[in-house]
Amino acid sequence: MGKYFSVFTLTLKEYFAYRLNFLIWRLRVFIGFLVPFFLWLTVIEEVKNFTGYEKQSIVSYFFFSHLLAYFILGTRTVDIAGQIQNGEIINLLLKPMSFFYYYFFRDLADKILNLLLSFFEVFLFFKIFSISFPSANFQFLPFFFLFLTLGLFLSFYLNLLISFLGFWSAEVWAPRFIFFILISILSGSFFPLDLLPKKLFSLIILTPFPYLFFLPVKMISSPQTLMDKIDIYFLFFMGSFWLVILFFLAQFFWQKGLKSFSFWGR
Amino acid sequence: MFKKIKRNLKIFLLFGYQSLKTTGQSRQAIFIFTLGKILRFIFLFGVIFLVFSKTKIIAGWSLKQAVILYLTFNFIDTFSQLLYREVYRFRPQVISGNLDLILVKPYHPFLRVLVGGVDFLDLLLLVPYFFILLFFIFQEKISFFSFFLYLTLVMNGLIISTAFHISVLALGLLTTEVDNAIMIYRDILNLGRFPIEIYQQIISFIFTFIIPIGVMITFPVKALFHFLSFNNVVFSFFISFFLLLLSIKFWQIGLKKYQSAGG
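Chains as they are written, first to last, in my numbering: chain E, 1 to 266; chain L, 1001 to 1263.
None of these hints come from the bench; they were simulated from the model. Predicted model, so just to flag it, every value in this text is computed and none were measured. Among the hints, a few may not be true.
[As the list claims (entries may be wrong)] Simulated restraints on C-beta separations: (1) Pro1109(L) / Tyr15(E): 34 to 40 Å; (2) Gln1201(L) / Leu258(E): 53 to 59 Å; (3) Leu10(E) / Lys1249(L): 41 to 47 Å; (4) Gln251(E) / Leu1035(L): 25 to 31 Å; (5) Phe1045(L) / Gly87(E): 39 to 45 Å; (6) Gln1018(L) / Asp79(E): 26 to 32 Å; (7) Leu27(E) / Asn1231(L): 31 to 37 Å; (8) Phe1045(L) / Thr51(E): 18 to 24 Å; (9) Gln251(E) / Gln1139(L): 50 to 56 Å; (10) Leu10(E) / Leu1009(L): 49 to 55 Å; (11) Leu10(E) / Phe1045(L): 41 to 47 Å; (12) Gln83(E) / Ser1143(L): 56 to 62 Å; (13) Leu258(E) / Leu1255(L): 48 to 54 Å; (14) Leu1009(L) / Gln251(E): 52 to 58 Å.
[Stated by the list, open to error] Under the rule of at most 20 Å between Cα atoms (straight-line distance), these lysine to aspartate or glutamate pairs were calculated in the EDC-like manner: (15) Lys48(E) / Glu1197(L); (16) Lys1256(L) / Glu1177(L); (17) Lys1054(L) / Glu45(E); (18) Lys1056(L) / Glu46(E); (19) Lys1056(L) / Glu1140(L); (20) Lys1021(L) / Asp1122(L); (21) Lys229(E) / Glu54(E); (22) Lys1064(L) / Glu1140(L); (23) Lys199(E) / Asp228(E); (24) Lys1257(L) / Glu1177(L); (25) Lys3(E) / Glu14(E); (26) Lys1056(L) / Glu45(E); (27) Lys1256(L) / Asp1100(L); (28) Lys198(E) / Asp228(E); (29) Lys1056(L) / Glu54(E); (30) Lys1054(L) / Glu54(E); (31) Lys55(E) / Glu45(E); (32) Lys1249(L) / Glu1177(L); (33) Lys198(E) / Asp231(E); (34) Lys256(E) / Glu171(E); (35) Lys1054(L) / Glu1197(L); (36) Lys1021(L) / Glu171(E); (37) Lys1037(L) / Glu171(E); (38) Lys55(E) / Glu1197(L); (39) Lys13(E) / Asp79(E); (40) Lys1064(L) / Glu46(E).
By construction, the Cβ of each residue, glycine as well, lies at the ideal position given by its N, Cα and C atoms.
Starting from the given sequences, assemble the full structure and let the hints guide the process.
So, in structure tokens, the structure goes:
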């Protein structure tokens, strides 16, 4: 396990070596947070109640979504496709460690750093604009941790799968672009998904995207509005179903990819 | 003068043709990127309707006005990406030293580093955006003068966008920092997708008077619906002129300080 801890610390050190890049990345994430936050705050102030959401619940949703978004979605697996293309992946394959664990620990470092900075940003932002801090809802805390874990692993395997496309195609940015778009639409980053009409919401819940961070955020911010609409055990079943599917798909394509992979000149 | 414009246009078209050929190399990517952009467009269009499903007015804007604002944003954003895509590829030119080869050529370097990589993927979307925008505008009772003012302010917005892109190039000359600067510009511009009035006063002020994305996107639509004061119209033209001059000055300083690297 010690070697993976070294991977973790080395990844952190990489970020400290390129501090400006990381800080600019956080600035971009923060700017992205401003649009949905202020849009929905204005809407709620206008209508007072939007399908069960009031000012406090909408503030709470975006507060926790900013904290958790890149804790769950932050990843270093985007590098893999490039490493496959330029053959660099060979260096990693020769090392006595699991490829999956290696990237999991790199991701973990990325996530923890993102979480710390997002906490600092959101704290500062709420202080400057005198917005009262929302309180967490601990009623469904076990479900929060359950869905958070699901989200972390779903995000990891989804990202791996997209990167593994690099084994068969030089065109790796286009699928990732579509993936980003789908996440921004279906994961609840722009608005709580349960604001949508019930039929549309029931359809989206069948995809893996809401399990990435809509559900963990919902469980810690305002779970009650969701509980009235859908059975939590069904949600847990669907999330687990997707995790199993994506886990086996990632393993399958990794093995397939390795068999078809060849490189020379390093 | 006319001869010079004709010559520059010829060079621009030549670069455009080369860019078209490069784009045509990866048809799979064309399809996926276009699909992604269409999905994003439809999604955000849907968000506007969702937001207005419970109320008629948000921050003083009606549904139709918000739709026209969103379409105007898409038009300005797509047009500037179509024209200035080469800016996104400027950093490799600087750090490899290839920029020297451009600077010694007998044409203005902007023809290569600013408008030399027309993105035809964006052209595919710009045409429908333009017609959808016109469709929504002509649903409203708009006077000729308001429409004319709207078009003028949209062009004014494009001048501000040009100034931002030239500034990013200048920053690239001084620090080789292009990628992050251009992405921050895009992120800030995205704030203009929705009425600037939804943000807190201090943020609205910053994005109107300091980083004028409000002038680029919100002002033309306000003029279309007669709620832009005369002072603000004058301010719009003043700020675009000022920013363009400033960016050109910044570019000239960048050129003076530029030290060839790599190569």
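### Query
Of the hints stated earlier, which fail here?
none
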